[in-house]
Amino acid sequence: MKGLAIDYAILLPALLPVAGLVLVLVADLVNPRLRRVPYAIAGLAALGSAAATVPGLGLGGGSTRETFCLTGRELAGTAPTVDGLPQVCLWQADALGGTLQLAAAVSALVCIALAWPGAHRRRPADCTREPVEAVLLLAALAGTVVVAASRDVGTWLVALELATLPVIALVALSGRRSAVAGATQLLVTSLVSFALLVLGVALWFAATGSPFLTPDAALASGGAFSAAPGAPTTVVFPSVSGGVVALATVLVVAGVGFKLSLVPFHAWTPTAYAGSSVPVATFLATVSKIAALAALLVVLRAVAALGTPALLSIALLASLSMTLGNVMALRQDDVVRLLAWSTVAQAGWVVLPLVSISALGVGASATYLLTYVVATLVAFAVVAVTVRERPGQGRSIAAYEGLWQRSPWRAGALALALTSLAGLPPGVIGLVGKITALRPVVAEGWVWLAVVAAVNAVIGVAVYLRWLRAVITAPAAAVGAPAGTAPTAAPVAVARRRPVMVAGLVLASAVLVVVSVQPDLLLRLLG
Amino acid sequence: MSWIVRMIVLLPALAALVGLLARRQRALAAAVAVAVSAYVAMLGLIQWIAPSRTADIDTIGSLPLGDLSVPLHLLSDRVSGLVSFVVALVVVCIQVFTVWYLRDDPRYGQFAATVSLFAAGMLLLVQSGDLVLMLVGWEVMGWCSWLLIGHDSERAAARRAAYKAFIVTRVADIAMVVGIVALSARARSTDLMAVLTATGDGTLLTIGLVGVVIGVAGKSGLVPFHDWLPDAMEGPTPASALIHAATMVAAGTYVIARLFSLYAGHDGARTLLAVLTAVTMVYAALLALAQTDLKRMLAYSTLSQIAIMLSALAAAPAELGPGAGISHLIGHAFFKALLFLGAGWLAVLAGATALAGLRGRLRPTGGLRWSMGIGLAALAGVPPLIGFFTKDTVIDAALEGATGGGGPRAWIVVVALFVTVVLTAAYCTRAWLLLDTPVAATGDLPDPHPAVVTEEDVAVVTAADSADDAEVERVHAHGHPGITLSAALVVSVLAALTVVGTLFLTSFSGGVHIGLFSALLSILLVAGAAYAVWSLSDRGRVDVADRVPGRVRESAVRGFGVDTAYVGFGRAVTAVARLVVALDRDVVDAYPRATAVVARAAGRAGERGHRAVPSLSLLSLLVGVMVVAVLGVAAWR
Numbered sequence: 001m002k003g004l005a006i007d008y009a010i011l012l013p014a015l016l017p018v019a020g021l022v023l024v025l026v027a028d029l030v031n032p033r034l035r036r037v038p039y040a041i042a043g044l045a046a047l048g049s050a051a052a053t054v055p056g057l058g059l060g061g062g063s064t065r066e067t068f069c070l071t072g073r074e075l076a077g078t079a080p081t082v083d084g085l086p087q088v089c090l091w092q093a094d095a096l097g098g099t100l101q102l103a104a105a106v107s108a109l110v111c112i113a114l115a116w117p118g119a120h121r122r123r124p125a126d127c128t129r130e131p132v133e134a135v136l137l138l139a140a141l142a143g144t145v146v147v148a149a150s151r152d153v154g155t156w157l158v159a160l161e162l163a164t165l166p167v168i169a170l171v172a173l174s175g176r177r178s179a180v181a182g183a184t185q186l187l188v189t190s191l192v193s194f195a196l197l198v199l200g201v202a203l204w205f206a207a208t209g210s211p212f213l214t215p216d217a218a219l220a221s222g223g224a225f226s227a228a229p230g231a232p233t234t235v236v237f238p239s240v241s242g243g244v245v246a247l248a249t250v251l252v253v254a255g256v257g258f259k260l261s262l263v264p265f266h267a268w269t270p271t272a273y274a275g276s277s278v279p280v281a282t283f284l285a286t287v288s289k290i291a292a293l294a295a296l297l298v299v300l301r302a303v304a305a306l307g308t309p310a311l312l313s314i315a316l317l318a319s320l321s322m323t324l325g326n327v328m329a330l331r332q333d334d335v336v337r338l339l340a341w342s343t344v345a346q347a348g349w350v351v352l353p354l355v356s357i358s359a360l361g362v363g364a365s366a367t368y369l370l371t372y373v374v375a376t377l378v379a380f381a382v383v384a385v386t387v388r389e390r391p392g393q394g395r396s397i398a399a400y401e402g403l404w405q406r407s408p409w410r411a412g413a414l415a416l417a418l419t420s421l422a423g424l425p426p427g428v429i430g431l432v433g434k435i436t437a438l439r440p441v442v443a444e445g446w447v448w449l450a451v452v453a454a455v456n457a458v459i460g461v462a463v464y465l466r467w468l469r470a471v472i473t474a475p476a477a478a479v480g481a482p483a484g485t486a487p488t489a490a491p492v493a494v495a496r497r498r499p500v501m502v503a504g505l506v507l508a509s510a511v512l513v514v515v516s517v518q519p520d521l522l523l524r525l526l527g
Numbered sequence: 001m002s003w004i005v006r007m008i009v010l011l012p013a014l015a016a017l018v019g020l021l022a023r024r025q026r027a028l029a030a031a032v033a034v035a036v037s038a039y040v041a042m043l044g045l046i047q048w049i050a051p052s053r054t055a056d057i058d059t060i061g062s063l064p065l066g067d068l069s070v071p072l073h074l075l076s077d078r079v080s081g082l083v084s085f086v087v088a089l090v091v092v093c094i095q096v097f098t099v100w101y102l103r104d105d106p107r108y109g110q111f112a113a114t115v116s117l118f119a120a121g122m123l124l125l126v127q128s129g130d131l132v133l134m135l136v137g138w139e140v141m142g143w144c145s146w147l148l149i150g151h152d153s154e155r156a157a158a159r160r161a162a163y164k165a166f167i168v169t170r171v172a173d174i175a176m177v178v179g180i181v182a183l184s185a186r187a188r189s190t191d192l193m194a195v196l197t198a199t200g201d202g203t204l205l206t207i208g209l210v211g212v213v214i215g216v217a218g219k220s221g222l223v224p225f226h227d228w229l230p231d232a233m234e235g236p237t238p239a240s241a242l243i244h245a246a247t248m249v250a251a252g253t254y255v256i257a258r259l260f261s262l263y264a265g266h267d268g269a270r271t272l273l274a275v276l277t278a279v280t281m282v283y284a285a286l287l288a289l290a291q292t293d294l295k296r297m298l299a300y301s302t303l304s305q306i307a308i309m310l311s312a313l314a315a316a317p318a319e320l321g322p323g324a325g326i327s328h329l330i331g332h333a334f335f336k337a338l339l340f341l342g343a344g345w346l347a348v349l350a351g352a353t354a355l356a357g358l359r360g361r362l363r364p365t366g367g368l369r370w371s372m373g374i375g376l377a378a379l380a381g382v383p384p385l386i387g388f389f390t391k392d393t394v395i396d397a398a399l400e401g402a403t404g405g406g407g408p409r410a411w412i413v414v415v416a417l418f419v420t421v422v423l424t425a426a427y428c429t430r431a432w433l434l435l436d437t438p439v440a441a442t443g444d445l446p447d448p449h450p451a452v453v454t455e456e457d458v459a460v461v462t463a464a465d466s467a468d469d470a471e472v473e474r475v476h477a478h479g480h481p482g483i484t485l486s487a488a489l490v491v492s493v494l495a496a497l498t499v500v501g502t503l504f505l506t507s508f509s510g511g512v513h514i515g516l517f518s519a520l521l522s523i524l525l526v527a528g529a530a531y532a533v534w535s536l537s538d539r540g541r542v543d544v545a546d547r548v549p550g551r552v553r554e555s556a557v558r559g560f561g562v563d564t565a566y567v568g569f570g571r572a573v574t575a576v577a578r579l580v581v582a583l584d585r586d587v588v589d590a591y592p593r594a595t596a597v598v599a600r601a602a603g604r605a606g607e608r609g610h611r612a613v614p615s616l617s618l619l620s621l622l623v624g625v626m627v628v629a630v631l632g633v634a635a636w637r
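Protein chains in written order, with this note's numbering: chain B, 1 to 527; chain Z, 1 to 637.
Hints were generated in silico from the structure; no laboratory data involved. This one's a predicted model, so the numbers in the text were calculated from it and none came from an experiment. Take the hints with a grain of salt, since some may be wrong.
One side only, chain B facing chain Z, incomplete, derived with CB under 8 Å [said to hold, decoys possible]:
#	residue
1	LEU162
2	VAL180
3	GLY243
4	THR249
5	VAL250
6	ALA254
7	ALA267
8	LEU324
9	LEU330
10	ILE397
11	VAL461
12	LEU465
Listed next, the stretches of chain Z that the computed footprint assigns to chain B, with coverage defined by at least 3 CB atoms under 8 Å from CB atoms of chain B [stated by the list, open to error]:
#	region
13	371 to 379
14	602 to 610
Counterexamples of contact, computed for chain B against chain Z with all Cβ distances above 12 Å [what the hints assert, rightly or not]:
#	residue
15	PRO32
16	LEU34
17	GLY154
Each residue gets a CB set at the ideal place from its N, CA and C atoms; glycine is no exception.
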């Protein structure tokens, strides 16, 4: 591998989770009874990964931090680009990629805090559970970080699956019936998705003759076959290869649509969310979505060079997802299921700007994803804390009645998160995100799509206000009998409270508050 | 000198505040009210004698309204000095009289403070050189009139009258505000001078002038807004005197006089004003003739007299200016205040305000008899009292307008004025005969239809029950206390002013301006009408109004059912509002609610489609991939 120049400092965001993973395995080998140490290592690794992305955030205007660079096919003595092959780096992290990596690392950190284990084991049997969870979380995080920066089809595919497969295991790990059901559905859809992705990538290679997901490769699609000297066919119709590129792109969109849970590839979402524990659901709703969108953006940024104005299929998926997700979320009484359907709806919003395959659309999509991730993290964190406080019943909307009186800080965080998701003023960032997402749509003249989005924004408000109303209204029963329940419930709550979990909630809320007060910060991060 | 102008506006307002704070200490409240109003009257005298003639007296600085300049200046000239002096003088008289009149009222303090605030509103309107300040004064008076008329708030009739006055004038004020906005928008300034000198945009000018006319019609009680004023008699007599004599009702005349140079150049608005005033003066004078209650009769006479003032502004030629209207305003202020305070005094003596109860009660009262006689004679226009001069100035101005190219507009006014002169003299004579002829004289009279008349009389009196019930109750409860010297003195002063007040009017141009022919004609008409009433009523032994058929008379006493029309109008507005609400709820809101219903139904359908069956999801997946692939390739450009 003399042709590869490797800069390990740039690879640190991916290397740190992997190193943490190895450390956890080693620690587990040395002392299998450790419970909190693996999580501490995982948290530190995620934190380090987040810190390592920071140098790449300030990059403006197209400059990237790149490594794994192929310096040309012929190396000995000749000029690097002598045979027309462009210089390609297999790892390119620009401002957008770096921001997505940072978001993934921070989200993983919050998930790890939410999943922080208690001091005592409930059952002696599951003694290996904590190290395994930590390893799987770190593996998925590593995959997410890599996929955001990958530029060749091999890395891209492997990293994307590395981000997906550990999550299936995480869902299944609790061993409950519902968990297994959810994991099965997730597994099935992941397999189909992988098949579609591989097919898409194969078509890409066929059309472009290049294993790289770069604009140069896309531009070369017209003459790829004729350029290859030893190829059997010498006449290729450009229109045909253009169509193949289109098919490849659409198949990639469909494959990633599974992971983003776009309608009609969404069926696994509610089942898997409801079956898994709340921290894992959080991970599914945040880090997995970042991985999927990062993967999609890698392909679409390459395709953008072709000057393709718009994709009708993305418009269709976006409008279907928004509508079905909101309409279904409106009927849920279980907050995790509500958030699952809200994820479906928000996924529609995330891909909505991509109908315009351009720098504007890509930036808007990433912006919306980040606002969604921050708000969803807070909402899930509040759910996790509440479920920990009242096991068995913290998942129904009714359990949140009077939360404003019981714990105003938590209720405030939840209110801010819900209004952000709805796009209402206290959560300014949600409003900014929605406007940003609609801008490319309007700029390209997709009026009907903008109308569908506006209608869904209104339905979305109803979805989140339904939950919020329960939060800020006092329960009728609590007024009647406070004396009988409070003394018994309070010690339990105190005993079960985890400071680390609360720290995760505080971290997520702090990020949400900061970007709500100063949305400019987020917009500038993405260049 | 400008501080005087500011003080004239500011002091009554402060007096109102202090009076309200000191309302429990009756003596202090009375002292503040009387002393401040006397001081303000003195300041008004100074302003009139030595006017500063300036139009840019700052108040609170101009409002920063961008394109529109709102300097909020006060304007001082001889007219504003004279009018504010007269207003302040009348207010002093009323305050002094009130101390005696409301001697047993536990809420005297509030009443006196409200009168002070009312005076502040009127004086602000008089001194303002800015349309916004004018509107502020105008609205302050509107609100205070609600307080004063509803002073006896424990009586339902008083409350209703207060609300009626407030709502009717409020409705007309809509047009007033629109008009002021239009005038300001045209001039890009609310300053009076800028508004008067602005040029251009005839539409805005028309809207502005017509709007102001309608607003003035509301406050001044022109047809069709006139019916609140007779009902306003439910207030205590000093409040009636204040509202009628020099402030709220007359304020419209002053506003139009201030804008006269605009009206002089606009025929349409003046024609509207001329028609309204002509109809009002004749109609109100006719109704005054039929009233069974002294105060209601005076109220209708006010309507008629205000219409006369405004008709001067509607008919006078441009070069003559608004002097005729202003001078009748001043004359009317004196004799109407005199008549109301005298009526209040008489009501205390007799324990009633119904004419049937007051019959012959004036004769044994000495000074009061003289005062009421002077007041009624001035109202009728008997020379050399002030009423004669001011009314004939108006007639002369209208005649000049008619002969000088005013056309049918001025002729309507002239004819109406002469008819009104006859009617006014008639109802004044009737009132005097009823009040002054001893009851004994009627007893031995061979009445042609004794039974019928008595029955009708009783029916009418009980139907339109005595206007100032509170006063009657008060008298019944506390007997007949003698009037204090100061209160009696006030009535005498007003009577004296009614006699010599003409001298005031010589101070400004156009104040007194009498043509020989019209003066002779009106004297003849007055004398003829008086004689006719005298002979018709058999030298005062019967009520001349009894000769009117009973049914007509009763409905005339009730104002020909205008009140019912107002109620109907209100009901219609409410019905329209209900219709709009229903439309909004059932038609406009149907779409938003439909989305809710549709969303819920779609959710139910979606739930039915999501039963976590893997085969179903795989099927949808397959279809999805196919559709996406086909669409993607087909729509690729």
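These are the hints, each one checked on the structure:
At its closest, the beta carbon of LEU162 (chain B) sits 23 Å from a beta carbon of chain Z; the interface hint therefore is violated under the 8 Å criterion. Given the 8 Å rule on beta carbons, the hint for VAL180 (chain B) is violated: about 13 Å separates it from the nearest Cβ of chain Z. The criterion of a C-beta within 8 Å of any C-beta in chain Z is met by GLY243 (chain B), whose closest approach is roughly 6 Å, and the hint holds. Annotation: THR249 (chain B) was flagged as interfacial toward chain Z, and the flag holds, the nearest CB pair being 7 Å apart, inside 8 Å.
Nearest Cβ of chain Z to the Cβ of VAL250 (chain B): about 3 Å, under the 8 Å cut. The hint holds. The interface hint given for ALA254 (chain B) holds, since its Cβ lies 5 Å from the closest Cβ of chain Z, which is under the 8 Å cut-off. Because the closest C-beta pair between ALA267 (chain B) and chain Z is about 3 Å apart, less than 8 Å, the hint holds. A hinted interface residue such as LEU324 (chain B) counts as satisfied when its beta carbon comes closer than 8 Å to some beta carbon of chain Z; here the least separation is about 6 Å, so the hint holds.
Restraint check, LEU330 (chain B) versus chain Z: the minimum CB separation of about 5 Å is within 8 Å; hint holds. Using the Cβ-Cβ criterion of 8 Å, the hint placing ILE397 (chain B) at the interface with chain Z is not satisfied: the shortest such distance is roughly 15 Å. With 8 Å as the threshold, the beta carbon of VAL461 (chain B) stays out of range of chain Z, its nearest partner Cβ sitting at about 12 Å, so the hint is violated. Annotation: LEU465 (chain B) was flagged as interfacial toward chain Z, and the flag is violated, the nearest CB pair being 12 Å apart, outside 8 Å.
For a cut-off of 8 Å, the count of residues in the region 371 to 379 of chain Z with a CB near a CB of chain B stands at 0, and the three-residue condition is violated. Interface restraint, the region 602 to 610 of chain Z with chain B: holds (6 residues with C-beta to C-beta distance below 8 Å; minimum three). Taking the minimum C-beta to C-beta distance to chain Z, about 36 Å, the non-interface status of PRO32 (chain B) holds against the 12 Å cut. Separation of LEU34 (chain B) from chain Z is adequate, the least Cβ-Cβ distance of about 37 Å exceeding the 12 Å criterion.
No beta-carbon of chain Z comes within 12 Å of the beta-carbon of GLY154 (chain B); the shortest separation is about 24 Å.
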